[in-house]
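Generate coordinates for the entire structure from the input sequences, incorporating the hints supplied.
There are 4 protein chains.
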Amino acid sequence: MTDTTDGLETRILAVYDSLTPKQQMLARFILDNRYFASFASASELGAKVDASAATVIRFCQTLGYDGLPGLQGAIRAELPSYLTAVERLEHRLTALPASTDLPRHVFAIDVQNIQRTASAIDQAIFEAAVRQLAAAREIVVVATGVTAAAGFFLAYSLEVIGLRARAVLDGGVAQAVTLTHLGAEDVVVGLGVWRYVRSTLDALHQAKEQGTTVIAITDSIVSPLARHADYAFEVATEGAMHSLSMTGVMSLINALVAAASLVDPSRTSRALQRIDQQFVARELLIS
Amino acid sequence: MTDTTDGLETRILAVYDSLTPKQQMLARFILDNRYFASFASASELGAKVDASAATVIRFCQTLGYDGLPGLQGAIRAELPSYLTAVERLEHRLTALPASTDLPRHVFAIDVQNIQRTASAIDQAIFEAAVRQLAAAREIVVVATGVTAAAGFFLAYSLEVIGLRARAVLDGGVAQAVTLTHLGAEDVVVGLGVWRYVRSTLDALHQAKEQGTTVIAITDSIVSPLARHADYAFEVATEGAMHSLSMTGVMSLINALVAAASLVDPSRTSRALQRIDQQFVARELLIS
Amino acid sequence: MTDTTDGLETRILAVYDSLTPKQQMLARFILDNRYFASFASASELGAKVDASAATVIRFCQTLGYDGLPGLQGAIRAELPSYLTAVERLEHRLTALPASTDLPRHVFAIDVQNIQRTASAIDQAIFEAAVRQLAAAREIVVVATGVTAAAGFFLAYSLEVIGLRARAVLDGGVAQAVTLTHLGAEDVVVGLGVWRYVRSTLDALHQAKEQGTTVIAITDSIVSPLARHADYAFEVATEGAMHSLSMTGVMSLINALVAAASLVDPSRTSRALQRIDQQFVARELLIS
Amino acid sequence: MTDTTDGLETRILAVYDSLTPKQQMLARFILDNRYFASFASASELGAKVDASAATVIRFCQTLGYDGLPGLQGAIRAELPSYLTAVERLEHRLTALPASTDLPRHVFAIDVQNIQRTASAIDQAIFEAAVRQLAAAREIVVVATGVTAAAGFFLAYSLEVIGLRARAVLDGGVAQAVTLTHLGAEDVVVGLGVWRYVRSTLDALHQAKEQGTTVIAITDSIVSPLARHADYAFEVATEGAMHSLSMTGVMSLINALVAAASLVDPSRTSRALQRIDQQFVARELLIS
Chain D
1 MTDTTDGLET RILAVYDSLT PKQQMLARFI LDNRYFASFA SASELGAKVD ASAATVIRFC
61 QTLGYDGLPG LQGAIRAELP SYLTAVERLE HRLTALPAST DLPRHVFAID VQNIQRTASA
121 IDQAIFEAAV RQLAAAREIV VVATGVTAAA GFFLAYSLEV IGLRARAVLD GGVAQAVTLT
181 HLGAEDVVVG LGVWRYVRST LDALHQAKEQ GTTVIAITDS IVSPLARHAD YAFEVATEGA
241 MHSLSMTGVM SLINALVAAA SLVDPSRTSR ALQRIDQQFV ARELLIS
Chain S
1 MTDTTDGLET RILAVYDSLT PKQQMLARFI LDNRYFASFA SASELGAKVD ASAATVIRFC
61 QTLGYDGLPG LQGAIRAELP SYLTAVERLE HRLTALPAST DLPRHVFAID VQNIQRTASA
121 IDQAIFEAAV RQLAAAREIV VVATGVTAAA GFFLAYSLEV IGLRARAVLD GGVAQAVTLT
181 HLGAEDVVVG LGVWRYVRST LDALHQAKEQ GTTVIAITDS IVSPLARHAD YAFEVATEGA
241 MHSLSMTGVM SLINALVAAA SLVDPSRTSR ALQRIDQQFV ARELLIS
Chain E
1 MTDTTDGLET RILAVYDSLT PKQQMLARFI LDNRYFASFA SASELGAKVD ASAATVIRFC
61 QTLGYDGLPG LQGAIRAELP SYLTAVERLE HRLTALPAST DLPRHVFAID VQNIQRTASA
121 IDQAIFEAAV RQLAAAREIV VVATGVTAAA GFFLAYSLEV IGLRARAVLD GGVAQAVTLT
181 HLGAEDVVVG LGVWRYVRST LDALHQAKEQ GTTVIAITDS IVSPLARHAD YAFEVATEGA
241 MHSLSMTGVM SLINALVAAA SLVDPSRTSR ALQRIDQQFV ARELLIS
Chain W
1 MTDTTDGLET RILAVYDSLT PKQQMLARFI LDNRYFASFA SASELGAKVD ASAATVIRFC
61 QTLGYDGLPG LQGAIRAELP SYLTAVERLE HRLTALPAST DLPRHVFAID VQNIQRTASA
121 IDQAIFEAAV RQLAAAREIV VVATGVTAAA GFFLAYSLEV IGLRARAVLD GGVAQAVTLT
181 HLGAEDVVVG LGVWRYVRST LDALHQAKEQ GTTVIAITDS IVSPLARHAD YAFEVATEGA
241 MHSLSMTGVM SLINALVAAA SLVDPSRTSR ALQRIDQQFV ARELLIS
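Protein chains in written order, with full-length UniProt numbering: chain D, 1 to 287; chain S, 1 to 287; chain E, 1 to 287; chain W, 1 to 287.
Since the hints were made in silico from the structure, they are not lab data. Wrong hints could be hidden among the right ones.
[What the hints assert, rightly or not] No more than 20 Å apart at the CA atoms, straight line, and that leaves these computed lysine to aspartate or glutamate pairs for EDC-like:
no., chain 1, residue 1, chain 2, residue 2
1, E, K208, E, E185
2, W, K208, D, D276
3, W, K208, W, E238
4, W, K22, W, E9
5, S, K208, E, E283
6, E, K208, S, E283
7, D, K208, W, E283
8, W, K22, W, D50
9, W, K208, D, E283
10, D, K208, D, E238
11, S, K208, E, D276
12, E, K208, E, D230
13, D, K48, D, E127
14, D, K22, D, E9
15, S, K22, S, E44
16, D, K208, W, D276
17, D, K208, D, D186
18, E, K208, S, D264
19, W, K208, W, E138
[Stated by the list, open to error] Going by beta-carbon spacing under 7 Å, a handful of chain S positions derived as facing chain D:
no., residue
20, P103
21, V111
22, A149
23, F153
24, Y196
25, M250
26, N254
27, V280
28, L285
Using N, Cα and C, we set each Cβ at its ideal position, and we do this for glycine too.
What follows is the structure, encoded as structure tokens:
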């Protein structure tokens, strides 16, 4: 039996040997994929190890939780937050050998972030999302906090290839006002990673209510953003120290914009040429 | 003899066999490194192939140019611009086999961008720049166009770890006014890639005049930005289609911020904790 | 006796003749100053007609309310909101004679807004606030929605005269992060008018907790913003149609900046000269 | 005869008594309206005093100038700039009697700014501009420096009444990119006052080239902005100290938005209601 004050790992260890092979697979999967497990439904979780939803729920009860919501609440309470990021920072400060080459460590993690983001791409969703972007009357990109810069980059890059796009980066009153104009011909792209900012989720709600297509770029296909989206992309955001990395997100944006530029190449050409003419005429660039 | 209307490659081919081995090395180096060659001094260029500045200048004259400036003008006139980006786009559209997996192609290029950016890091410059950031009274990040989002990310990330930072992203009047306040205790970080935007270079000029430390993040250590900087970083920005990639820049920023967070870990911890308290108190995050 | 579903005016009319002269004064004052009455304490209200707090509370009970909070809830439920603005719009559409000169009507109201704002200035508070601004290490102006532009103008105008100032205009995550750096040497200016935006009030809370001086520019000295401020200014914001006017706010800002420019005239001169040199050197202006 | 190093006033005084009555009227008009005179054509100037263009040119020659351009260059060299604003500041510092009530002085000037702005309104132009705004597919407001905040307010206020509007406030690369999308169905509003910022004029040029309707809000109907506009408004911007006042501009914006809200009252109502619903649903306001 497990103690109700124990953490998830302790509870699993206490009963692990008595679990069925399927339950052991489930236990390992949950420990390795806590973000996913913290938001997935019982059937989504079960599908990962070829088990039924009922098996998942019994597993939760075996661990002493009040069903799946109980287990998920326990995971969320333990998941890294800014505060545990502080702890990670302090831990790493003492743990890092003096000889560690920090920049190279960061670059290595970011190569992994790109590779993991690449491997999570679903080609059919990618193509459908690109078609939506290329056909939109107007695109509004909603992002804030650590994802704000990536959202800004996406909106700018879409404008450069001839699409009407703008970024809304700080939630609040201005976001609500700007989104009010959107309808079925428009697209909202929402960016957000753990710990998800409420105002971005509000934006996706508002867009859905108004019949606007929603594309989410987020860290899990079961994140709250993904659940409110017509098309969702999962990005890897592992960081070296306290914070998350947006490198995988930026590379995904490169792919989306490159593909969108090919949907109507003559529109793309015209936009690039007109922009270039302005840059030259106004002497904005160093000759 | 060369025809004065010929391009650089034609001129080099016309005389290549009659060149000395050292001149041939120089010719190959210039053809492979046109960005560098278009801004480097004669002695910088010569150093790459172990030749003197005088050798470089004679080489230019052999090709029929009026010294190094003549050769550099010719390179710049041929270098890719937004307009040739249009041509690249059109070329790639016809050249891309239908089966090409565009997103994976983009991700592969971005992995290379990170690896090249990593290999260009000079550890001593990295550490010195990090010390400057960590000790600054105020940090102003100046960027615009394709680098604006990365500049925004840098300023936000520095604020999160407890440094006073802000981004100025559109040149013009507001940039001039904000920079007016900076002095010797402050740091300006300028981001810019080919084709360099004049207003960002103006910002670095203004900063230098006021005695402010300048860090440049740019695509060549001989770019105009690097020449106005106390510390310069070279980033790889190869793009799959018409545009440049900021993935290498973003990964470099991750490295800089991670290192800066370790300079004064207790300051970093306090900042993260204070921010977390506000996020919780104001219910900005989804629980 | 009054009916509990009646509005404030109906209740007052029903009992008016039976009220004491002092209570009648109080009734008239409340009807003429509903914004004030909806937030004031019993003693603040009483002071306006030279009555005690107990008199105010008895008056509320006479009207059938559960004390002052009951009366205030009733006022707020009746106060103009965006929705009643819709109604005003519709009413005015039908009520406006075809010959009405709308622009001249708007200008006339704005002249009144300035005159009312001027008459509400307390010279001692004005001078103290100006001294705080001129002595601040950094000034952060917080505003959003209809007041955002005025906040932007204030921050820019303060920068022009040599003070370190920035505007935070959209609440949310970025606001919380930026305010984290402020301490006792800094100043926050918060702008907000009915219906007060929660995030601006959060900013003033955060500033107070961190020991930062708070100046409020708001539509009532008993507004929630004024209650969290060390110095508060009351501005008139009457609009011709559905919306509020910021003309009075802008004129107050002109006065604050003009006065702040005189606190240290040589600093002001130096800042203006340095900005002018940049404008000329960078050819930002039309000659 | 006049000395070529003399200023305009000295030259006029030197010959005043020998001028014809018409030339004396012209001299007085020019001294009283230097902004206008510095940009007007000979026939525009002549029309003000019922004289021919030829009379204006002969007058300039009488003063020793090389025609009208010579006189205009002289005026511009003498017109207030930021530098002479420094001088005004220093002058006023010594000239202001200690007892001067600075805030009330500012408010009085701003009442005048509104009254002068009101008296300069041409009803037909006002109505035509409002129709253009109300019918636009998209409205882009371009402004920077001292007018940036007013431009921001205009864009926000237009969004609130259900029009698609955005502000571009810093010139540069982002402005050029965003304007590229505009065509004949769109409207650009440009704001600018002496000393006119080049990038805002560039924006109006770009808009005209693309067939976009241009509305200018500026300090003179002969300013460079007005000359590039389909509809131009003249605003009074007198300031108490070194800087210009935007109070007249803000009041004009109130008038434009109020009138635009009446063009399609049901659209306005729907927009206000939708925004209100979002504010309530997201708990953005203090209840």
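Here's how the hints hold up against the structure:
1. K208(E) with E185(E): At roughly 12 Å apart (the allowed maximum being 20 Å), E185(E) and K208(E) satisfy the hint.
2. K208(W) with D276(D): holds, 17 Å
3. K208(W) with E238(W): Violated, at about 30 Å.
4. K22(W) with E9(W): holds, 17 Å
5. K208(S) with E283(E): OK: K208(S) and E283(E) at ~19 Å, within 20 Å.
6. K208(E) with E283(S): Cα-Cα ~19 Å, so holds.
7. K208(D) with E283(W): With a Cα-Cα distance of about 19 Å, the restraint between K208(D) and E283(W) holds, given a limit of 20 Å.
8. K22(W) with D50(W): Measuring from Cα to Cα gives roughly 8 Å; hence the hint holds.
9. K208(W) with E283(D): Holds, at roughly 19 Å.
10. K208(D) with E238(D): violated, 30 Å
11. K208(S) with D276(E): holds, 17 Å
12. K208(E) with D230(E): The given pair, whose Cα atoms are some 9 Å apart, holds under the 20 Å limit.
13. K48(D) with E127(D): Not OK: K48(D) and E127(D) at ~25 Å, beyond 20 Å, violated.
14. K22(D) with E9(D): Answer holds: K22(D) to E9(D) is near 17 Å, not above 20 Å.
15. K22(S) with E44(S): The given pair, whose Cα atoms are some 15 Å apart, holds under the 20 Å limit.
16. K208(D) with D276(W): holds, 17 Å
17. K208(D) with D186(D): holds, 11 Å
18. K208(E) with D264(S): violated, 26 Å
19. K208(W) with E138(W): holds, 15 Å
20. P103: holds, 4 Å
21. V111: holds, 5 Å
22. A149: holds, 3 Å
23. F153: holds, 3 Å
24. Y196: holds, 5 Å
25. M250: holds, 5 Å
26. N254: holds, 5 Å
27. V280: Result: violated, 9 Å to nearest chain D Cβ.
28. L285: It holds, given that the least Cβ distance between L285(S) and chain D is near 5 Å, below 7 Å.
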